[in-house]
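A.B. asks: Which chain is which? The protein sequence lines are A and B, in order. The numbering of the first sequence is our numbering, which starts it at 1 and goes up by one. The numbering of the second sequence is our numbering, which starts it at 1 and goes up by one.
If you are wondering where the hints come from, they were derived from the structure by calculation, not from laboratory data. Keep in mind that this is a model prediction, so the values were computed, not measured. Take these hints with a grain of salt, some might be off.
[As the list claims (entries may be wrong)] What follows is a list of derived Cβ distance ranges for each label pair:
hint	chain 1	residue 1	chain 2	residue 2	range
1	A	ASP88	B	SER10	12 to 20 Å
2	B	PRO189	A	THR37	39 to 47 Å
3	B	ASP26	A	ASP149	26 to 34 Å
4	B	GLY145	A	ILE130	30 to 38 Å
5	A	GLU102	B	PRO189	19 to 27 Å
6	A	GLU101	B	HIS89	28 to 36 Å
7	B	ASN149	A	ILE130	43 to 51 Å
8	A	LYS151	B	ASN210	36 to 44 Å
9	B	PRO263	A	PRO112	42 to 50 Å
10	A	LEU128	B	GLU15	23 to 31 Å
For every residue, glycine included, the Cβ atom is placed at its ideal position computed from N, Cα and C.
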Amino acid sequence: MSTEKKLKVAALRNGTVIDHIPSDKLFKVVSILHLDTCLNQITLANNLESAKIGSKGLVKISDRALEEDETNKIALITPNAKINIIRDFEVVEKRALSLPEEIREIVQCTNPVCITNNQPVTTFFHVLKINEEIMLKCHYCEREVKREDVKIK
Amino acid sequence: MSNNSLVSISDYSKEEILAILDSAADFEANPNRKTLDGKVIATLFFEPSTRTRLSFETAVVRLGGSIIGFSDAATSSSSKGETLNDTIHMVSCYADAIVMRHPLEGAARYAAEVSPVPIINAGDGANQHPSQTLLDLYSILKTQGTLENLTICLVGDLKYGRTVHSLIMAMSHFHPTFKFIAPDELKMPDEYKVFCRKNNIPFTEVNELNDNFNDADILYMTRVQKERFLDLMEYERVKNVYTLKNFMLANTKSNLRILHPLPRVNEIDPDVDGNEKAYYFRQAQNGLYVRQAIVSKVLGQK
């Protein structure tokens, strides 16, 4: 299994590999990174065995090195995913995800009477750390929500 | 965005809050001036609030400014489906500042982002109502002579009541001690208790009104709303326990003053009105001077 996986990763000449995505989050990652409309060659794998998380998914994108602010968008739902940037079959960057201070667009406010749920307004959240707990605070209605209760659009 | 907007009480520093209160005292001494001569202020009330609207409009008119606007969304273009963005852009072509009340939370922050003229939030749903908070502070300062080191009892609906939440934020600059008096269903949310602990603000919580306020300088009453209760039996019980009556004030401190954002229903018995400690009607009058100060600051006038 591990030889096979290494071969798959190594088979990418240039691009980005996102590994250790929990299986139930793979398609969320696809949607957050807008991979459904990306024209590059993309390989998706899911329900692979993983010693660390049981069952995992994997995304390989050819000829595109995702920027840090792009990959950090998925930090909210897959904080432990691993990003590898490949150039000429070599891993040139191993990137850990870090949660951005501000999150736009991908999160929906949980407050039904928030302006962002009723008018064409792009959502905007501030990421706060309160007593070791990650909270998202809506920039508009000021409601705070725990990281695990966040609704992804 | 116009940086002069007032959306939330946390937009103002301690110094800015004190400057507003200073300026309000100045307007109280002399409320009729012509400093806003030639200015047009729009009051956009997407939901009705007669008290707040009249207070803002009086503030503007007494300063020589003029008013345009509407008092009910049914008579505005939003009833035809116009977005808030479009309404704000349209009105900003005519007015120098916009006072807005909107039922959606966050509407004021959004309006302040898209508007070329300053926005004054006159209430966005259950979120913020900073002019109410400033007039509460002004009333506390006026009756106590200081904002520092006061014991403040907050009573009633502490869960949904935005005025009490904003008051905690604003008073956090002035070393208060709080007592939260609420039925279990309407207790102060954890985030505000976390805020108090973080800012070293001592507080206690009790769930009966009784005479739990004998050490208080300010008794801040709020309305216990029937629609907040799932169990109507519980509402009937709570409603009677949370009525302030004149005899309950017998052992309170002489400097105690009772505040209420109004309208009240039955949480303050009318027999309290004659007590010199009842301050809620004068509190409403203070709103005029505070709003004169806010409008002047937002427009860069003194």
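A.B. asks: With reference to the structure, classify each hint as holding or not holding.
C.D. replies: Right, here's what the structure says about each hint:
1. The hinted range of 12 to 20 Å is not satisfied by ASP88/A and SER10/B, whose Cβ atoms lie roughly 52 Å apart.
2. About 41 Å separates the C-beta atoms of PRO189/B and THR37/A, a value consistent with the hinted range of 39 to 47 Å.
3. In this structure the supplied range 26 to 34 Å is violated for ASP26/B paired with ASP149/A, their Cβ-Cβ distance being about 47 Å.
4. Checked against the hint of 30 to 38 Å, the pair GLY145/B and ILE130/A passes, with Cβ atoms roughly 36 Å apart.
5. Range check, GLU102/A to PRO189/B: about 24 Å between beta-carbon atoms, so the 19 to 27 Å window is met.
6. Taken as a hint, the range 28 to 36 Å holds for the pair GLU101/A and HIS89/B, whose Cβ atoms sit roughly 30 Å apart.
7. For the pair ASN149/B and ILE130/A, the beta carbons lie near 27 Å from each other, so the given range of 43 to 51 Å is not met.
8. Remark: the range hint 36 to 44 Å for LYS151/A to ASN210/B is upheld by a beta-carbon distance near 43 Å.
9. Evaluation of the 42 to 50 Å hint for PRO263/B and PRO112/A yields a failure: the beta carbon distance comes to about 26 Å.
10. Separated by about 25 Å at the C-beta atoms, LEU128/A and GLU15/B satisfy the suggested range of 23 to 31 Å.
Consistency with the previously given hints fails for numbers 1, 3, 7, 9, ordered from lowest to highest.
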